[in-house]
Structures are given as structure tokens and as C-alpha cells.
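Peer 1: So the protein sequences, as listed, match chains A and B.
For the first sequence, position 263 matches number 263 in the working numbering, and the numbering has no gaps at all.
For the second sequence, position 511 matches number 511 in the working numbering, and the numbering has no gaps at all.
Because the hints were derived from the structure by calculation, they are not lab data.
Note that beta-carbon positions come from the ideal geometry of N, C-alpha and C, so glycine has one too.
Any given hint might turn out to be false.
Stated by the list, open to error - Computed list of chain A residues with no C-beta within reach of chain B, every gap over 10 Å: (1) Arg-55; (2) Asp-103; (3) Glu-104; (4) Glu-110; (5) Pro-117; (6) Ser-154; (7) Met-163; (8) Asn-179; (9) Ala-220; (10) Val-225; (11) Asn-238; (12) Gln-241; (13) Leu-259.
Stated by the list, open to error - Here are some, though not all, of the chain B residues that point toward chain A, as calculated from beta-carbon distances under 7 Å: (14) Leu-200; (15) Gln-283; (16) Gln-552; (17) Ala-561.
Stated by the list, open to error - Computed footprint of chain A on chain B, listed as stretches where at least three residues anywhere in the stretch have a Cβ under 8 Å from a Cβ of chain A: (18) 136 to 143; (19) 229 to 243; (20) 510 to 516.
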Amino acid sequence: MGTAKAALEWHGSTLLRRVTGIVGRVVGGPVIVVRAPGQELPALAPAVEVVEDAREGRGPLQGLAAGLRAVGDRAAGAYVSSTDVPLLHPAFVRRIVGALGQDEDVVLPEIGGHPQPLAAAYRTRLLGVVEELIASDRLRPAFVFERCRVLRLSETALLTDPMLARLDPGLSSVENLNNPDDYRQARALEPPEVNVERFGTLAPESGPRRTVVAACTLGAAAAAVGLTLDEHVVAALNGDQIIRDPELPLAAGDSVAFLAADAGG
Amino acid sequence: MAKAFPGGYFGRALIVDLDTAATEVKPLPESVLRSFIGGAGLGAWLMHELCPPGIDPLEPPAPLMFVFSPLVGTPLTTSAKFAVVAKSPLTGRLTDALASSHFAIAGKLTGHDAIVLRGRCADRSVAVIDGDSVTLTPADDLWGLPAADAERRLRERMGPAWRVAAIGPAGERQVRYATISHDGRHAGRGGLGAVLGSKLCKAVVVRASRKVAPADPGAVLAAAKELRGRSFGPATAKYRELGTMANLLAFNAISTLPTRNFSAARFDEAPALGDEEVSTLRQVARNSCASCSIGCEHIYRGSGGKNTRMEYENVFALGPLCGVSDPDAVIAASGRCDELGIDTISAGGTIAWAMESAEAGLIDAPWLRFGDGDALIRAIEEIGTREGLGELLAEGSRRASRAVGQGSEAFAAHVKGLELPGYEPRTLQAMALGLAVNARGADHNRSGAYEVDLAGGHDRLTGGAPQVAGAIETEDRAAIMDSLILCKFLRGVFEDPFAEWAALLRTVTGWDVDAAELARTARRIVIAKRLFNLREGWTREEDWLPERFLTQSLELDSGRAAALTPDRLTGMVNAYYRGRGLEPTGVPEPGTLRELDLENMSQFDRGSTAIREN
Ligand code: SF4
Chain A
1 MGTAKAALEW
11 HGSTLLRRVT
21 GIVGRVVGGP
31 VIVVRAPGQE
41 LPALAPAVEV
51 VEDAREGRGP
61 LQGLAAGLRA
71 VGDRAAGAYV
81 SSTDVPLLHP
91 AFVRRIVGAL
101 GQDEDVVLPE
111 IGGHPQPLAA
121 AYRTRLLGVV
131 EELIASDRLR
141 PAFVFERCRV
151 LRLSETALLT
161 DPMLARLDPG
171 LSSVENLNNP
181 DDYRQARALE
191 PPEVNVERFG
201 TLAPESGPRR
211 TVVAACTLGA
221 AAAAVGLTLD
231 EHVVAALNGD
241 QIIRDPELPL
251 AAGDSVAFLA
261 ADAGG
Chain B
1 MAKAFPGGYF
11 GRALIVDLDT
21 AATEVKPLPE
31 SVLRSFIGGA
41 GLGAWLMHEL
51 CPPGIDPLEP
61 PAPLMFVFSP
71 LVGTPLTTSA
81 KFAVVAKSPL
91 TGRLTDALAS
101 SHFAIAGKLT
111 GHDAIVLRGR
121 CADRSVAVID
131 GDSVTLTPAD
141 DLWGLPAADA
151 ERRLRERMGP
161 AWRVAAIGPA
171 GERQVRYATI
181 SHDGRHAGRG
191 GLGAVLGSKL
201 CKAVVVRASR
211 KVAPADPGAV
221 LAAAKELRGR
231 SFGPATAKYR
241 ELGTMANLLA
251 FNAISTLPTR
261 NFSAARFDEA
271 PALGDEEVST
281 LRQVARNSCA
291 SCSIGCEHIY
301 RGSGGKNTRM
311 EYENVFALGP
321 LCGVSDPDAV
331 IAASGRCDEL
341 GIDTISAGGT
351 IAWAMESAEA
361 GLIDAPWLRF
371 GDGDALIRAI
381 EEIGTREGLG
391 ELLAEGSRRA
401 SRAVGQGSEA
411 FAAHVKGLEL
421 PGYEPRTLQA
431 MALGLAVNAR
441 GADHNRSGAY
451 EVDLAGGHDR
461 LTGGAPQVAG
471 AIETEDRAAI
481 MDSLILCKFL
491 RGVFEDPFAE
501 WAALLRTVTG
511 WDVDAAELAR
521 TARRIVIAKR
531 LFNLREGWTR
541 EEDWLPERFL
551 TQSLELDSGR
561 AAALTPDRLT
571 GMVNAYYRGR
581 GLEPTGVPEP
591 GTLRELDLEN
601 MSQFDRGSTA
611 IREN
């Protein structure tokens, strides 16, 4: 596609910034980017950590091993994603991570009959298995699945989660970009629709304080209602964290509350 | 030549014996004033000096003090404030509540940095303070009146130069969360009105008869002009334009609005009580304290035509916390609390506890149900008159739940006996710590830790080092603002608060005080309050939250659960203790006392404090 997928632009952000942001919204622990040795990356949120593949060109298991190694002492499980999934939805990540119980080593979605190893959750204790496979040049993810307990989730099984069924009914979360045409089509898509509400002094003097805007990032949602995220304005995403980062990616169905930063008595 | 006294101070406290109207002047050494400034800080020092250890706060020897500050009387915006300080009949610990306006200026210009009342009037009386002399006048015709009516009558009788701080019927009946008010503003928390009522004193009346100049009047004027300009900026816009009522819907959106006695943090009917709805229909005026350029008071008209000051805390406590969504009922309930002279937060918290207890069949009050506005108003009425269920509820949720038992203690939402303000601790976990450890009890004015949660830098659903550091920092800032005194609503205009406050204090007093000294003063004030509580029997068990918050989680719209575990709270309390230089028991380390020059205040038994086992 003429440029590394990580740096591809999508509605004012990059694919890598978007995917790390979406994953970061769901997982409780660190977000790790595995890059090829010396690979240049686009700007990332300060909390995102970057590690390098030991060797380039060894396929997804090499990256998986580097990632599991980086989080192994801080988390029992990890969501693993490719970078070229602009429609990845937090509800999908939550569904996969939530299914990783004590009895599973891997939660593997199977969509259209195809397993999705780069949209799956892994126990970090699998690192040894993955390293052994790499050492013996068995570099396909399927070899990992032969050696551990895998929970395979079909479309039907995935969509039993009402939140996922509501927010990503077509499971577009796993649609990746394999060629320039895919990228063109992805760029032609409208940004996701998000619900925005303004409170206190940020509410409009007349007209509704609640509206729906198309916005890929928090900054874009703020701009769509005439606000700037400065020291006087913060946002709460889905009634949860208070955020000031304008680059935070938004997904379809998100609710953003803009509040005066001096909320409180 | 005698050294001139620092600007802004008289260097004396007037001690009034209400048994005889005898007075005595207690000199306040400059070293004490510099160490504790005024307001809540100086009040803590005076309490150590003048409050007999172990006293029942409603017994005559217990002191009640009005404490002023060096900034009072200057043109610095929001500085016309005073602290009322006593041992709380609700908590048995130190309480200091602030109120504002002309009483602060007239009270100080009686020629005193503090006025201390002790003893008990022989009959229902008004204490009239004119310079160093005190007269007790009969208050029979005022007894039973709302504080505002008593104030009006006294000023009509005595003249407009006189300023009045008075209690309502609830104070007379020693409701344990009765207020003292002046010009409609209440020194609200902790039951100070009950203390004045226990002294058979309906009101304290003062007038200005002395003068005190700042050290550098020109510099004070320039600073006042500059500060006033800043007070019109965006940092105070919320208070000017909407008042604190604006918090209601914002807090609801982020699951921080305590609802139905803290069983939920979102109230579906909140929009009916929100600023937009209520302001459009019922807001009639704005007002401000003396010497204030912000003017945060927003006045609303109830369906009966009465005007009532409404703030977030009244509306949260009498609305969502009791499940009431009818704005007329909430405005009427708030107005009735004002007339009776009771703290709306403790009233709402105690009634919400009673509603839950009644619904669970633990108390016999079938009329008392969540969401019933008429029941809310009846409960307030009974509290103010101590009739029916009011006899129990006038004691506050801690005492009432202990009396009822049967597990109802678990949902009495208080810390140290003081009912929680409108900040849900499970979704604001820095604030959870602030509420747990503060000397006054569950309080949002002495601990502003919610600022850390709402700033966006840290996960508000977890509690760790940043939350602990933030809780300490905001508590320190509050200690200085409450001692200078400046209104908290001004806090957002200061970019480098300690340095800027030190500069203001320099111009007023002439001291060479700097930011580092003021930061140490803040720590000293916080520890001095803790030392008073220790002397009165505090143990580590009291730096804790009610069981409900530690055993029940809240579901957020995002899918996450907001849970605060005992382990996490223990960890935060331990870290707070380390950060404050306290031992694991919560007792100050000897080195901390030395560093803060507080060794002569440590009248407690180091061996008697307990450590909580979880
Ligand atoms: S901001 Fe409000 S409370 Fe503060 S001094 Fe002004 S009017 Fe009084």
C-alpha cells in the first residue's frame, strides 16, 4: 500500500493510534506495540509501550512471543490485535477478553469459518510454547492451538453478547485491510456516530444539550459541538473515565459527556 | 520601641463567660498567628487551648468560637468569611464550619481575632458584643423563630450596624446537626447550632467599633484589583452562571450522584432537578456574600412562592439521595431546613437511612418511603421539632442506626458520625480516601480529593499512589484557604496557589512568609486537628468508610464495575499515613511533631490507639 499499515491515516488519526486506543479502553493493563527492528512508528499515547521483534519476517508468532514476554509479569492474559482493523470496536475486545476463563489458554473467534488469531485473547503463560514453536520453525498460529486449550467462538456465539450485537452486529471489528482497495473503501466510510452531551457552562444557551455527531476521536467530537479540550474542559466516556486526550479513539454508540474541568463543589 | 503587631490582626481573642457575661481577653502571640493564620487553623489551636479534654460538647464548659482571619476586612474578593469551631455533638471530634458576609467583618472589628463563648446563659438570651463588653439580653420573643427572622428582628431593634449569627428552632432543641446562620448562609456541618442552643443562646450580635490596617494597604489594594479581575474568568464561570447546581446532571452522567441512600450512583429522574429545568422555571435571583465578585448564590422560588438558596449539596441530599424527583418538594424541603436551621446534607443522609430502614421494616414508619416528597418534608419537620420519629433522627444517622441496630448500621452513610456529601466514593476513589481520613468526618470542603478524580489524569475507579498524593495535596490546600480565609470557589484562579497565597499574606501581615512556609503551615493545621481528635479518643478505626461502600459494587454504563475493596482502602489509608508522617496507628510520629512545632499539643496516649485488622 506504499506505506506501513500502522501509519495509514483514518479520519484524522493513524491506524496504530486508533487500534492501541481502542484496546487500551478495554484492557486493565498495559498496551504493547511490537514493531520490526528499527521500524518507525506514528505517534502513540504516552502510556503505550513499544518492544521489538527479535527478528524480522518470522510471522505472527514472533510478534506474539515478544508481546507475551513484555506483559507476562503484569497480566495473566492479553488481547492480541493486528494494526489494520479500523473498525475494531471496544465491545468486541471486551467480548473476547471476557471469555478467557481459567479453563482456556486461547479465545479464538472464527468468522466466516476463518479463525482470527490476530483478534484473539491468549494466556501469557503460553510464552514457552510459542518460543518452542519458533525455535523449531513451526511458525503458524495453528501450531499453538494444537498444544493448548482453545475456546473457539463462532459469529453466533460472539453475538450472544447483547452489547456486541448492538454495537458491532456485522463483526466489522475483524475486517482488515489487505490491499489499497480495502483501504480506499475503509476511508470512504463515515466516522462512527457518537452521542454527545454538554453539561453546565458548556451546554448551549439554546437548543438541546444532547446531540449525535460523526467523530473518530474525542477531539473531533468536541470540535463538532464547538468545544476544545483545554484546561477548562474534560470528557467522560460512557460514564466512565474522565479524559482530556483529544486523540482518544471513539467507536459507534459511544456516549461522550463534556464537563467543565472544575466539576465539584 | 515596641514591635508593631502584624497587619490584619488584633492579637487577641475575647472569651465570654455566658453564665455571668464576664469577659477576658486572651492575647494571641504573633508566633501562634503565624503558625495557624486564622479561621479553621487558629480555631484548631484555640480548641487545644480552651476546650477541656473529654468534655461533652453540649455541656456548658464546652467552648464555641467564632474565628476570623487576617484577610477579613480587606478588599480581597471572597475574604469576608469566618469559621465557627467547636467539638461536634454529632461526631465527638473537632468541627469547623465556615460562613460568610458582614458578620465576619463586624465580628473581627469588635477588636478580636476570635470570640469564644463558654458557659450557659441563665435564661434564653442574645449575646451582644460591643468591643470588649458583652451584654446578655432576653431572647424569649425570638425563641422558636427561624434564624433569619430572629436576625431581622434584632437588626430592626438594634440598628443596621449590628450583625447577627443565630440559630433556628433545631439549634434550640439541640438537633445534632443544627446550623448557625448569618444572612442566610449557614455554618452548616457538625452541629454547631446545637452547641449554641445548649448554651441557651439564640444569637450572637456584633458591630464594628475598631479598625485594623494591613501592613501594606497599597499592595493589598493592587492585589485585590488583580484578583477581582481574575475572578471574572473561566475558572469561576460555573459558580457565577449556574451555581453548584450545575454539578447535578454532570455527576449523574458519570455515576457519581449518590442515589437512594447510596444504593445507586445514577438517578433516572435527575433531569427534573437539573439546573436547566429548575433554572428556567424557578430561578429568580442571584446574590453574593459581602466582598465577593463571584456571586455564586442562585435563588429559586418554590411553588408556595418562597425564595430558597439552592446548591448542589441541598439538591443531592434532599433529592436523589432520598429518591425524590419533584423539584417543588426539594425546594420546599431545602427551604424548611433553612428555616429550622439544620444541615441539609446530614438531614438528607439521616432521612435516606431512615427511608431504607423503614422499607426494610427495621423502623416503624410506614409513611417514610424513598421518592415521597411529602414524607421527606414531614421527616424534616419532625427532626426540627424532635417530635415523633424526629427524636431519633435528630441524633444523626450513626446514633440512630446504633439505636435501631439489626444491621441498619451498615447503611448509615457517615464517617466519624458526619453524613457523606454528594460524592460517590466508589466512582471517586481519591475522594473515598479524603472522606475516610479527614478530621471533620465525611466532608467535601476540608478534603477536595474529588478534584484528582475529576481531573482526568488517573483512573478514578482505582486507588493508588496518585490518589493518595492528590488527597494530601487538596487537604493541604483546603487547610490554607480555610485559614486565610478565601472562598473555595476562587481556587481555580490560582496557578501557583501556595506562592500566590503567601504573597497575599505578606501584603496583609508584613511577614516574610513564602510558599514553603505556607505548605508547612498547611501540614501543621491538618495534624493539629488530628491531635485534637486523638486527645478526644480517636482511633484508627474511624478513618474508614461504611460497609456498603466496601461490599457492594456499582455497575457503570461502560460495562465496568466500580468497586472499592477493604484492602484497597487500607492500602490508601496506610500510604496517606506515611505521606503525612504518621505511624501505622494514625498517630503522628515524634519527628513530625517536632518538625511542625506541635510537640506541646500531643496530649494523648500513644499506646491506646488501635490498628484495624482486615
Ligand atoms: S463565591 Fe459564593 S460562597 Fe464564595 S464568597 Fe462568593 S458568594 Fe460567597
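Peer 1: A separate judgement is required for each hint: does it hold in the structure or not?
Peer 2: We went through each hint and held it up to the structure:
{"no.": "1", "hint": "Arg-55", "verdict": "holds (36 Å)"}
{"no.": "2", "hint": "Asp-103", "verdict": "holds (22 Å)"}
{"no.": "3", "hint": "Glu-104", "verdict": "holds (20 Å)"}
{"no.": "4", "hint": "Glu-110", "verdict": "holds (24 Å)"}
{"no.": "5", "hint": "Pro-117", "verdict": "holds (25 Å)"}
{"no.": "6", "hint": "Ser-154", "verdict": "holds (22 Å)"}
{"no.": "7", "hint": "Met-163", "verdict": "violated (7 Å)"}
{"no.": "8", "hint": "Asn-179", "verdict": "holds (35 Å)"}
{"no.": "9", "hint": "Ala-220", "verdict": "holds (18 Å)"}
{"no.": "10", "hint": "Val-225", "verdict": "holds (15 Å)"}
{"no.": "11", "hint": "Asn-238", "verdict": "violated (4 Å)"}
{"no.": "12", "hint": "Gln-241", "verdict": "violated (6 Å)"}
{"no.": "13", "hint": "Leu-259", "verdict": "violated (5 Å)"}
{"no.": "14", "hint": "Leu-200", "verdict": "violated (34 Å)"}
{"no.": "15", "hint": "Gln-283", "verdict": "violated (15 Å)"}
{"no.": "16", "hint": "Gln-552", "verdict": "violated (18 Å)"}
{"no.": "17", "hint": "Ala-561", "verdict": "violated (11 Å)"}
{"no.": "18", "hint": "136 to 143", "verdict": "violated (count 0)"}
{"no.": "19", "hint": "229 to 243", "verdict": "holds (count 6)"}
{"no.": "20", "hint": "510 to 516", "verdict": "violated (count 0)"}
Consistency note: the structure conflicts with the earlier hints numbered 7, 11, 12, 13, 14, 15, 16, 17, 18, 20.
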